[in-house]
Amino acid sequence: GYYGQYGGVFLPEILQATVNELLECFRQCKSDPTFWAEFVELMQNYSGRPTPITHMANLSAHLGGAQIYVKREDLNHTGSHKINNVIGQGLLCKRLGKSRVIAETGAGQHGFATATMAAKFGLDCTIYMGAVDVARQRPNVFWMENMGAQVVAVQDGQKTLKDAINEAMRDWVTNMADTHYVLGTACGPHPFPEMVSWFQSIVGQEARAQMLEQTGRLPDRIYACVGGGSNAMGIFQGFFDDDVELIGCEAGGHGAGSSLHAARLAYNDASVGIAQGFKTYFLQNDQGNMNETHSIAAGLDYIGINPILAYLWEQDKVRFLAATDDEVREALKLTMRTEGLIPALETTHAFAKAIEEAPSMGKDEIILINQSGRADKDIFTVAEALDDNKWKEFIKTKAAQYQQERQ
Amino acid sequence: GYYGQYGGVFLPEILQATVNELLECFRQCKSDPTFWAEFVELMQNYSGRPTPITHMANLSAHLGGAQIYVKREDLNHTGSHKINNVIGQGLLCKRLGKSRVIAETGAGQHGFATATMAAKFGLDCTIYMGAVDVARQRPNVFWMENMGAQVVAVQDGQKTLKDAINEAMRDWVTNMADTHYVLGTACGPHPFPEMVSWFQSIVGQEARAQMLEQTGRLPDRIYACVGGGSNAMGIFQGFFDDDVELIGCEAGGHGAGSSLHAARLAYNDASVGIAQGFKTYFLQNDQGNMNETHSIAAGLDYIGINPILAYLWEQDKVRFLAATDDEVREALKLTMRTEGLIPALETTHAFAKAIEEAPSMGKDEIILINQSGRADKDIFTVAEALDDNKWKEFIKTKAAQYQQERQ
Amino acid sequence: MGLQSYIEQRKADKSLLVMAHVVCGYPSFEANMAELEIMAEAGVDLVELQFPFSEPSADGPLFVRANEMSLQNGTTVNDCFEFMAAVTARFPFKVLMMGYYNTVFKLGEEQFLRRLKAAGGVGYILPDLPIEEAGSLHALSAELGLEPIILMTPTNSDERLAQLAAAARGFVYVVARKGVTGSKTQMGDDVAALVARCRAHTDLPLGVGFGISDRSDMEYLRGHADMAIVGTAALRAWEQGGAEQLRQFFSDLVAA
Amino acid sequence: MGLQSYIEQRKADKSLLVMAHVVCGYPSFEANMAELEIMAEAGVDLVELQFPFSEPSADGPLFVRANEMSLQNGTTVNDCFEFMAAVTARFPFKVLMMGYYNTVFKLGEEQFLRRLKAAGGVGYILPDLPIEEAGSLHALSAELGLEPIILMTPTNSDERLAQLAAAARGFVYVVARKGVTGSKTQMGDDVAALVARCRAHTDLPLGVGFGISDRSDMEYLRGHADMAIVGTAALRAWEQGGAEQLRQFFSDLVAA
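Chains as they are written, first to last, in this note's numbering: chain S, 811 to 1217; chain R, 811 to 1217; chain Z, 3 to 258; chain P, 3 to 258.
Just chain S, with the same shape it has in the complex (with noise of 0.2 Å):
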């Protein structure tokens, strides 16, 4: 479970038994391919996959330098790559003859989709969510609760991801018989980088080979937004064998030297350490503690990050850099006018970065993003971010409205 210094396994004792089972079961599926097969039904299916790779013509000229293609995983079920690693989880847990699921959410699409998993397949479900996050995405934690799950709001620490983690720990630490933890991202301990990273392969070698279809090549460079690291995990594995740059697109937040922003590689701020069951660089103080990280958008606000990638960006097989979250809004802009696409801000970063790089490579380069999400369902967290004023009179106007049902 090490990829070069990082990873491991970090846990009480009590789950030993239980990562072992899970290990076991982990390595089964991998060598069944008729397990793979199942699980590439299943998303197309049921979530619509193969999704599409999309030419950014109007973009690609107006920044007049690369050809820009978008990998479209805003289009999957739930309206993010997460629901890949979700569906293979739950088959995984159908395997493992368990009947119960919990999982840990930020900005709550990855609550979002193992909810959705959890009404497909029948499963009990728990959904930690940092009382911050629950208080602030109420939308999604509607779509939980309407799907049957239940969503605890955690009110330890930052009240935000890091905490909903140590939440789901505690839970699985007591339930483990009859529970399986969805973790969402390619984090914590293994194999659940290992294992988020294979579900989300999918994602890779469907875009190597379209592009080649397509384009009739391989793509010069790969942008990725990274917070756990999943989806850059999931379209970077396409590539790992070909002369292609992969860029990992970290939250810039506030920049570099702010200590407003989850940058654990861009900037020099991370160490390496050992929490949430995994060793990788984190954001944390010389006391070993974690610091409060920030971004604009909820899913890359995170303190560690995918070991795998942890290692690559070691060995300088991927190249990291980090958006802010004023260079965020404005590409964010720039691809709803110019292409129609609403990149969920998480994404948006790796917008950012190729939208940056572009104009200096050649008209014959090609450059390819992955779209993790979809946005639109996330009104609240981008009118906020763009500081729509309409939409703050018609929040108003709503409240006044809901005040007068009442009396």
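Derived by calculation from the structure, the hints in this document are not laboratory data. Here the structure is a predicted model, which is why all the values come from computation and not from measurement. Any given hint might turn out to be false.
As the list claims (entries may be wrong) - Subject to a maximum C-alpha distance of 27 Å in a straight line, what follows is the list of computed DSS-like cross-link-like pairs (lysine-lysine):
1) S:Lys1127 to S:Lys840
2) S:Lys1206 to R:Lys969
3) S:Lys1200 to R:Lys969
With chain S held as given, fit chains R, Z and P onto it using these hints.
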């Protein structure tokens, strides 16, 4: 341009040349196989077609009757079947050499799709939307504006869909030289009912082949909701030559006899008339003035119906039912919980009637529902329909937060 | 005496006739009657009585609102015919029904025409009824001696103008520009050229409408057209200043 | 004298030893010292000093909050070692460091162990450090005469218990049930069976922890285990009634 006695062109003389030009262009496109091929390719690469068919194993088992399958138009880019028509008309607009599009929208789905297409095709775009709808559908307005469209709030009449259509017509009679009117549903003057149906026929073509591939046979019944009729025409067209029962599901609102509904054919309140450019069944009074209509689903809340469907109904080739608002609420809850799908409230009318009839069918029989759209970006509509108190509290908190920011 | 003859007769004394417009029941039938008094005093030659419709898609904002308010007041088709009967009995000008085809269709074409005739109307203007859809209505109209007024527009080809001319009776309504009623039209070579094109296809009198709003428009049309059609500008005068301003409006307009 | 010998020696006089727990810096180091005074008075045999960590994922709500508040107070690793030195100088009981591995890793394993030894600690409990990851730390500890406390749990197989036993030093921390610290455990056959299974794999003393909260738990454990490990229940007593209630708590607990 007639189907039985329904259809025709009832427009001001000033549009005669424009409509003829459109008709001629449509004929050329229809007889040019490269046009359809270009359309299909664009739908694949931009919108993720073909959309899959999903077996509702849990829902079918729960109901204990027919096996239910769902055609997943909700997985399209922009979240509904509307994109099929809009992309088709965008290609046609290019052939017409026009640089501007206008459209009406009720719930906002069609406006959202049109604004998206306009961004993608580099066209100027104005969307007409009743002022009442603008006020209650701000999320869609927000996205349209961000994609560069101008959204005009129409202050006439009921300030809803039909008034938006009138206003779009007024724009068209002024600006037809450079402007194409992207009518949203399969209504209005010839060739719109036929043209919109043609673009939507991609749904039925795919569905027929997919059902044969997945189940080895054709479905016994197909349910589709009917507002103007575009999604129903879309899927039904794939099965006109087959022994498949087709069921159109209208908006029953508060029920038969309540006058608060939008059921033109399922109830007895509509009569034949001429409005908005064509002849069909309209919900109108004995003076020939249109009635106010009501539905929980803004997209079904329309006075008229596709003339081809009216003709098919007259010939007993399509059966019409209406689902009441209450039935829709229950069907939505059941579908979310058992399958992890969130059908749009419009679509849910079809689910409601399929759910009603499935138990009395044999387990070896097959139902296909056209899921025309997803509701996850229409959270206000759904949360209000389900009268969710936590949602209302969230909005009040948000309003207070926005209020405070301003100070 | 047919409409065409009536117009030609009036033209013997006047270089440019005037057709005015009233939306039945807006703001009220009483107000309509007061407006028509003023129009009659000003020597208006022809009047359109618009039957309100819920979807007036060829009208501009002022008339849209007038249609809507009239329906809210409860105006029925029956009310409109009764009012028309009172108007034709009282005033010397000729009266046309103006409205949308659904009003006709719903009543039944024959019933509509019989009631129109009984109310003293001489014809009708239905802007959403193209000639292709008007076969039976026009045939019945010919039997009953009622005249369908046909619109010719700047977007019509010569071929189309010829078709329209063949269907036209009484006079031709020349639509001065694209768009709906009520916006200002810049009178100039475009209008003159359009009138000339229409003239080439018909011997019927030509009335020019859409955006005629003041004396300078009238002066421009004199010599080009037979009749000026005034709608929105008059309603605006009434809404802004009641009877007095409407009287002033027409007195300015028709001053030679 | 090693920890194992210390425990065996104490066991000569007492049928069941007690290990208590303090979160360093919560609510303050002064309060910690007052708590430890009470524990010493009550004859507590061993104390875990928890070094606060930002992600205490193996802890229950009370300790989670204590970790959080302590860090908010600004507690550093250095503070904790200094406090430990003061404690070991003052009290007769032996002291263990308890915490999460990142605290150790960040300081450096060798540096951590040297400081622990310098502060008078005899070993450590790191619940998120499995034996597979503990090779170098355990080796260094052996060199320095510090003892890693190993946890045995109800989900471990016999094979695993044997592996754990091989790594264990001083005593074995038997986790009485699944879950995190702080919830009540029902003492009964399950606990007895678990202790028996652990006993079969090791000759080290067995301490039982997780949910030990009152005298009846103590009575149950007597004869089964060598030591009761009390954490949350003591902190709860302190939070609810300060020194007085904590004193009462221990006096009830250890009353023979």
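Hint check against the structure, violated hint numbers in rising order: When the structure is compared with the hints, none of them turns out to be violated.
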